[in-house]
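Asks: As a plain string of letters, each chain reads:
There are 2 protein chains.
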Amino acid sequence: MMDVYISLLHFPVYDKNRRIVTTAVTNMDIHDIARAARTYDLAGYFLVTPIREQQAMVQELIDHWTKGAGGEYNPVRRKAFELLRVVPDFEAVRAEVQRRGGAIPLTVGTSAGRGPRALSFEALRRRMESDDGSVILTLGTGWGLEKKFFESLDEVLEPIDGRSEYNHLSVRSAATVMLDRLRGRRSQ
Amino acid sequence: MMDVYISLLHFPVYDKNRRIVTTAVTNMDIHDIARAARTYDLAGYFLVTPIREQQAMVQELIDHWTKGAGGEYNPVRRKAFELLRVVPDFEAVRAEVQRRGGAIPLTVGTSAGRGPRALSFEALRRRMESDDGSVILTLGTGWGLEKKFFESLDEVLEPIDGRSEYNHLSVRSAATVMLDRLRGRRSQ
Chain X
1 MMDVYISLLH FPVYDKNRRI VTTAVTNMDI HDIARAARTY DLAGYFLVTP
51 IREQQAMVQE LIDHWTKGAG GEYNPVRRKA FELLRVVPDF EAVRAEVQRR
101 GGAIPLTVGT SAGRGPRALS FEALRRRMES DDGSVILTLG TGWGLEKKFF
151 ESLDEVLEPI DGRSEYNHLS VRSAATVMLD RLRGRRSQ
Chain Z
1001 MMDVYISLLH FPVYDKNRRI VTTAVTNMDI HDIARAARTY DLAGYFLVTP
1051 IREQQAMVQE LIDHWTKGAG GEYNPVRRKA FELLRVVPDF EAVRAEVQRR
1101 GGAIPLTVGT SAGRGPRALS FEALRRRMES DDGSVILTLG TGWGLEKKFF
1151 ESLDEVLEPI DGRSEYNHLS VRSAATVMLD RLRGRRSQ
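Protein chains in written order, with the numbering used here: chain X, 1 to 188; chain Z, 1001 to 1188.
I should point out that these hints are in silico values taken from the structure, not numbers from a laboratory. Hints may contain errors.
[Claimed, not checked] Only pairs whose alpha carbons sit at most 30 Å apart, straight line, appear in this in silico DSS-like list of lysine-lysine:
| hint | chain 1 | residue 1 | chain 2 | residue 2 |
| --- | --- | --- | --- | --- |
| 1 | X | Lys67 | X | Lys79 |
| 2 | Z | Lys1079 | X | Lys16 |
| 3 | X | Lys147 | Z | Lys1079 |
| 4 | X | Lys16 | Z | Lys1067 |
| 5 | Z | Lys1016 | Z | Lys1148 |
| 6 | X | Lys79 | Z | Lys1079 |
| 7 | Z | Lys1067 | Z | Lys1148 |
| 8 | Z | Lys1067 | X | Lys79 |
| 9 | X | Lys148 | X | Lys16 |
| 10 | X | Lys67 | X | Lys147 |
| 11 | Z | Lys1067 | Z | Lys1079 |
| 12 | Z | Lys1016 | X | Lys67 |
[Stated by the list, open to error] Not close to chain Z: a few residues of chain X, all C-beta gaps over 12 Å, as computed:
| hint | residue |
| --- | --- |
| 13 | Ala37 |
| 14 | Gln54 |
| 15 | Gln59 |
| 16 | Glu60 |
| 17 | Leu106 |
| 18 | Leu153 |
| 19 | Asp154 |
| 20 | Asp161 |
| 21 | Asn167 |
| 22 | Ser170 |
| 23 | Asp180 |
Every residue gets a Cβ at the ideal spot worked out from N, C-alpha and C, and that includes glycine.
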């Protein structure tokens, strides 16, 4: 069984006009994905932003909910925030996961669009259950992960197929659905 | 095939100390669930609050994104907001769905806790595909739907089982996962 990590990138991603930008960290993405990461028993959640002020802001949140009075007041939030780390770039995610697991992690990109190579949720789920090592699921904010970075990842996960041509879930909702498809338990 | 509706109740729900309260409408719940409703091809999304000022605020948002300059500027948002209605109580949801569909709708409660009666996601999915008429999925904000109201609903859906004892998804993430389990298309 693989250790599963999720990472949310604020750079390099596209804006509406397909320019490469750094997006702002948003509070709801932090909270909702941290709660989902704990619910689906992940090994960690990495928030990636190159902006120092935003790194410091996220670190303050983490400290507040894991060390301070916040963690005693709200243990539910503490358990979610314990999984969260903030790092400047994806190389730092890769290095930290490798340091913890000992082997080179599998990196998996996600996108709302369908490309030529795509692993199905079922195929990745089976692989995560049968293989050893670690996997890093990688999500972009804004209008998605920059092309060159995206192509540098080992695998690409198929997009979430709802029941319409409309594919505009928020990144926090999309992250939770992905984890549910890859990790959720189902009764019949 | 049933027409599927989702409703998010801000009353009657519990607070942290199990008092019955009215919670505040939050912007992210409006946006994220509207986008999920459109992605999973629902027939409508009802936001339920008895507070007139909050009804007016939500109606302004709806008008802005569906009628005003907002809808032209952002058609993605328009398509999501077209599904949204704001109503004062659950009776208004029931009445409107019955008016549209002609028959008495099936009402389904959801909860993060496991109770004595619970329909599995698979069972409800099959029923939604084989039956006619309409179904209203009902979610509570705060610490969940008040007991008497909850018991007045026709059916109860099993809780989302992640992969841990931790079951604290945000209501917007939980709504999206439910819709994915009930309506999402899956490849093998």
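Asks: Each hint needs a verdict: does it hold in this structure or not?
Replies: Consistency of the hints with the structure:
Between X/Lys67 and X/Lys79, the direct Cα distance comes to roughly 11 Å. Compliance with the 30 Å bound is thereby established for this hinted pair. A C-alpha spacing of about 18 Å is found between Z/Lys1079 and X/Lys16, which places the hinted pair at or below 30 Å, so the restraint holds. At roughly 28 Å between alpha-carbon atoms, X/Lys147 and Z/Lys1079 fall within 30 Å of each other, so this suggested pair holds. As the CA atoms of X/Lys16 and Z/Lys1067 are separated by approximately 22 Å, the hinted pair is consistent with the 30 Å bound.
The suggested pairing of Z/Lys1016 with Z/Lys1148 holds, with an alpha-carbon distance near 18 Å, which does not exceed 30 Å. Among the hinted pairs, X/Lys79 with Z/Lys1079 is inconsistent with the structure: their alpha-carbon atoms are about 37 Å apart, more than 30 Å. This hinted pair does not check out: Z/Lys1067 and Z/Lys1148 have alpha carbons roughly 38 Å apart, beyond 30 Å. Between the alpha carbons of Z/Lys1067 and X/Lys79 the distance comes to roughly 43 Å, so the proposed pair goes past 30 Å and is violated.
With a C-alpha separation of about 18 Å, the suggested pair X/Lys148 and X/Lys16 falls inside the 30 Å cut-off, and the hint holds. Our distance criterion of 30 Å between C-alpha atoms is broken by X/Lys67 and X/Lys147, whose separation comes to about 38 Å. Annotation: proposed proximity of Z/Lys1067 to Z/Lys1079 holds, straight-line Cα distance about 11 Å (limit 30 Å). Our distance criterion of 30 Å between C-alpha atoms is met by Z/Lys1016 and X/Lys67, whose separation comes to about 22 Å.
The beta carbon of X/Ala37 is not kept farther than 12 Å from every beta carbon of chain Z, the shortest such distance being approximately 10 Å. No beta-carbon of chain Z comes within 12 Å of the beta-carbon of X/Gln54; the shortest separation is about 19 Å. Even its closest Cβ contact with chain Z, about 22 Å, leaves X/Gln59 beyond 12 Å, as expected for a residue assigned away from the interface. Interface exclusion of X/Glu60 from chain Z stands, the closest Cβ pair being 21 Å apart, more than 12 Å.
Separation of X/Leu106 from chain Z is adequate, the least Cβ-Cβ distance of about 19 Å exceeding the 12 Å criterion. Look at X/Leu153: its CB is around 20 Å from the nearest CB on chain Z, clear of 12 Å, so calling it non-interface holds up. Interface exclusion of X/Asp154 from chain Z stands, the closest Cβ pair being 20 Å apart, more than 12 Å. The claim that X/Asp161 lies off the interface is violated: its Cβ sits roughly 4 Å from the closest Cβ of chain Z, which falls inside the 12 Å cut-off.
Residue placement check: X/Asn167 does not keep its beta carbon more than 12 Å from all beta carbons of chain Z (closest about 6 Å). For X/Ser170, the shortest C-beta to C-beta distance to chain Z comes to about 5 Å, within the 12 Å cut-off, and the non-interface label is violated. The claim that X/Asp180 is not at the interface with chain Z is violated, since a C-beta of that chain comes within 12 Å of its own (minimum 5 Å).
Against the hints set out earlier in the document, violations occur for numbers 6, 7, 8, 10, 13, 20, 21, 22, 23.
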